[in-house]
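Colleague: Spelled out from the first residue to the last, the chains are:
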Amino acid sequence: MQELDTVGQGSVRVTRKSDKLVIVEKDLATEQMVLAMGPQHPSTHGVLKLECLTDGEVITEAVPCLGYLHRCFEKCCENVDYPAIVPYTDRLDYLSAMNSEFAYAMAVEKLLDIEIPRRVEFIRVLVSELNRIASHLVAIGTYGIDLGAFTPFLFCFRDREIILGLLEWASGARMLYNYIWIGGLAYDVPADFLQRVREFVNYFRPKALELNNLLTSNEIFLKRTHGIGIMPPEVAINYGWSGPMLRGSGVKWDLRRNDPYSIYPELDFKVAVPDGKNSVIGDCLSRHLVRAIEMEESLKIIEQCIDKMPSSEGFNSRSAIPKRIRPKAGEVYSRAENPRGELGFYIESDGKSTKPVRCKARSSCFVNLSAMKDLSKGQLIPDLVAIIGSIDIVLGEVDR
Amino acid sequence: MEEGKPVSQSVQQSAAAYSMIQQQFGSAVSPLDANETMPFFEVVETARWVEIAHFMRDNAKLKFNYLACLTGVDYPAEEKVGIICNFESLALLDHKLAVKLKCQRHGGSLPSISCLWHTANWHEREVFDLFGITFAGHPEMRRILCPDDWEGSPLLKDYKVQQSYRGIKVPY
Chain A
0 MQELDTVGQG SVRVTRKSDK LVIVEKDLAT EQMVLAMGPQ HPSTHGVLKL
50 ECLTDGEVIT EAVPCLGYLH RCFEKCCENV DYPAIVPYTD RLDYLSAMNS
100 EFAYAMAVEK LLDIEIPRRV EFIRVLVSEL NRIASHLVAI GTYGIDLGAF
150 TPFLFCFRDR EIILGLLEWA SGARMLYNYI WIGGLAYDVP ADFLQRVREF
200 VNYFRPKALE LNNLLTSNEI FLKRTHGIGI MPPEVAINYG WSGPMLRGSG
250 VKWDLRRNDP YSIYPELDFK VAVPDGKNSV IGDCLSRHLV RAIEMEESLK
300 IIEQCIDKMP SSEGFNSRSA IPKRIRPKAG EVYSRAENPR GELGFYIESD
350 GKSTKPVRCK ARSSCFVNLS AMKDLSKGQL IPDLVAIIGS IDIVLGEVDR
Chain B
0 MEEGKPVSQS VQQSAAAYSM IQQQFGSAVS PLDANETMPF FEVVETARWV
50 EIAHFMRDNA KLKFNYLACL TGVDYPAEEK VGIICNFESL ALLDHKLAVK
100 LKCQRHGGSL PSISCLWHTA NWHEREVFDL FGITFAGHPE MRRILCPDDW
150 EGSPLLKDYK VQQSYRGIKV PY
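Quick mapping for you: the protein sequence lines, in order, are chains A and B.
Note that numbering that gives the first Met the number 0 numbers the first sequence so that position 54 is 53, with each residue one more than the last.
Note that numbering that gives the first Met the number 0 numbers the second sequence so that position 119 is 118, with each residue one more than the last.
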C-alpha cells in the first residue's frame, strides 16, 4: 500500500498480487471525453444527436441537438388554408397521424364553434385509438430492439401491419391519412369495417398479453429498465411532461379523462398508472408498462365505439364541413391526448383570412425530450439508450 | 364574448384565478379577456414578469405548476412581438389561464421564466430562434431548431430567407 501513496494525484491502474496491490500503469489520462451519439444512430429513433460528455463509462452531461428534421411547419401553416394544414399535421408525429389530425381538427372546430355529427365523433375516436395501438406497438417493439430483444419487434410489426391495413382501407393511405377533416371525415368507414375491427380486437387481445409477457418476463429487459432514469412526479410536471411519460411517474393525468373532449366522457376506460409492485415509479420500466396497459385500454375503447356507433343510414361524413373555413377573430389553445402525450395547437385567426395568422404545434416529444439533460446525468452510456427509448420520441414532432 | 351564452365553468375558474393576480399586482397586469376559447391577460410591466410568474406558481390558491405551452407571436401592425404562456394547475386545482407579454419587434427582450418551470428553457430557446426575442436570465440563449449560424428570425411576417448558407443556395 505504501507504494500507492507515493504515486500522488495521477490516476493509476493496479492489480493484486499475493495480498499486495501493484501498480500496472501510471499517469492515465482522466480528462472527460466528448462522445457524439447520432444523428445517424439507430438507438436515437431518428435524427437526434446527443453530445455526451463522458467520464469513463459515466455520462456527466448529455446535450440533445435538434433540428435535423426541421421543416418549419408553423411557417407553412401561415401560407395555406385551414383544411390544407391537415396533411401537414400528419407529418408531425407520423406514427400516430390520426391523433394529430384529430387534435388539429378539434382546435379549428373550437374556433368555428360548430357541432359535429355523433357518428363522426365515434369514427374519429375509433381510428385514433387504433392508431394509438399501432404507435405503441412501434414504441414497444423498438424499445425491445434497443435493449437487445429482437423477437418482440417482429411480433409488434406483424400486428401493426393489420392496423395499417385497416386504416388504409378506411382512408386510402397507410401512414399519413388526411382522413379527419375540419368538421367531418374524408369518407365514412367501409361497409364491413366495424366487423373487421372487432375481429382484430379479438385476435389482438391474447397477442398483446403474449407480447407483454415476452418482455416483462425477460430478465435482461427488466435489469436494463428497472430503476433506470427515475423521474419524480413534481419534476415531471415542472418539465411539462405529459402522456405515458407523466403517468409513468405516477401522476394520474390523462386528457381523455381530465380535460375530456369528443365522446370520451361516455366511454369506460381506466387511466394507466404503474402500481409500483414490479417497477420503481418513474423509471423506464414504469413508462413501458404504462404503454402496455394503454394498449389494452384502447382495445376496450374500440369495442365500446363499435357497440355504440350510430348507424350509417342517411349519414354523410362531410355534412358538417363548412363551405368556407374562415373562423371569426380569436385564438384558441386546444389539446388532445396523443400516444406520446399532449399535442396542443395554438391557432390565431384574424377573422378576415382563410389562413391562420399563427398556428403553433405544442409537441409532446419536444417537451418530454427537454428533460434529457437532467435524466442522463450520472448514468452509464448503455442506460442512456434505455432512457431515450423510454421517452419514445418521434423526431418529426420534435423538430416540426 | 357572445351575448346570451352562459359563461362556462372553466372561464369562471380562470376569472377567479385572474382576480387574485390582479389584486396582488394591480396595474402591472391588463384586464382579463374572458373569451370562451382561451381566457388571457397581458402583463403590461414586463419587468415584473418573473415576480408575477413566481406568485402564480407558488400561491396556495393558484398553484400553476404546469406550463403547457409557450408560443411566440408576431404583431407587425403594432411593431411588436410577444409570447403567450398557457398555464394550468395540473392535478391540483384544475384551472387554466393564458398570459401574454409583448416587447419591441427588433432586438426585444423579456425576462426568462426558465428558473421557475424547467420546460420554459427549450420553449424560450425556440421563441428566440424563430422570433428573435432574447430572454434575460436564460441559462443558454442560443438557437435550437435552426443552425447556430442561420440568419434572421423565420417566423416574423416579413422574413426573407438568406441567399446562401455556407455556400449553398437557399431559395429555390
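Treat the hints loosely; a few may be bogus.
Claimed, not checked - Keeping only pairs whose Cα atoms sit at most 30 angstroms apart, straight-line, the calculated DSSO-like set for lysine-lysine is:
{"id": "1", "chain 1": "A", "residue 1": "LYS354", "chain 2": "B", "residue 2": "LYS101"}
{"id": "2", "chain 1": "A", "residue 1": "LYS48", "chain 2": "A", "residue 2": "LYS372"}
{"id": "3", "chain 1": "A", "residue 1": "LYS48", "chain 2": "B", "residue 2": "LYS159"}
Derived by calculation from the structure, the hints in this document are not laboratory data.
Colleague: Next step is simple, just say for each hint if it's right about the structure.
Modeller: Against the structure, the hints come out as follows:
Under the criterion of a C-alpha separation no larger than 30 angstroms, the hint pairing LYS354(A) with LYS101(B) is consistent with the structure, at around 23 angstroms. Taken as a hint, the LYS48(A) and LYS372(A) pair is honoured in the structure, with Cα atoms around 13 angstroms apart against an allowance of 30 angstroms. Note on LYS48(A) and LYS159(B): the hinted pairing holds, with a Cα-Cα distance of about 28 angstroms set against a maximum of 30 angstroms.
Comparing the model with each earlier hint shows no violations; every hint is respected.
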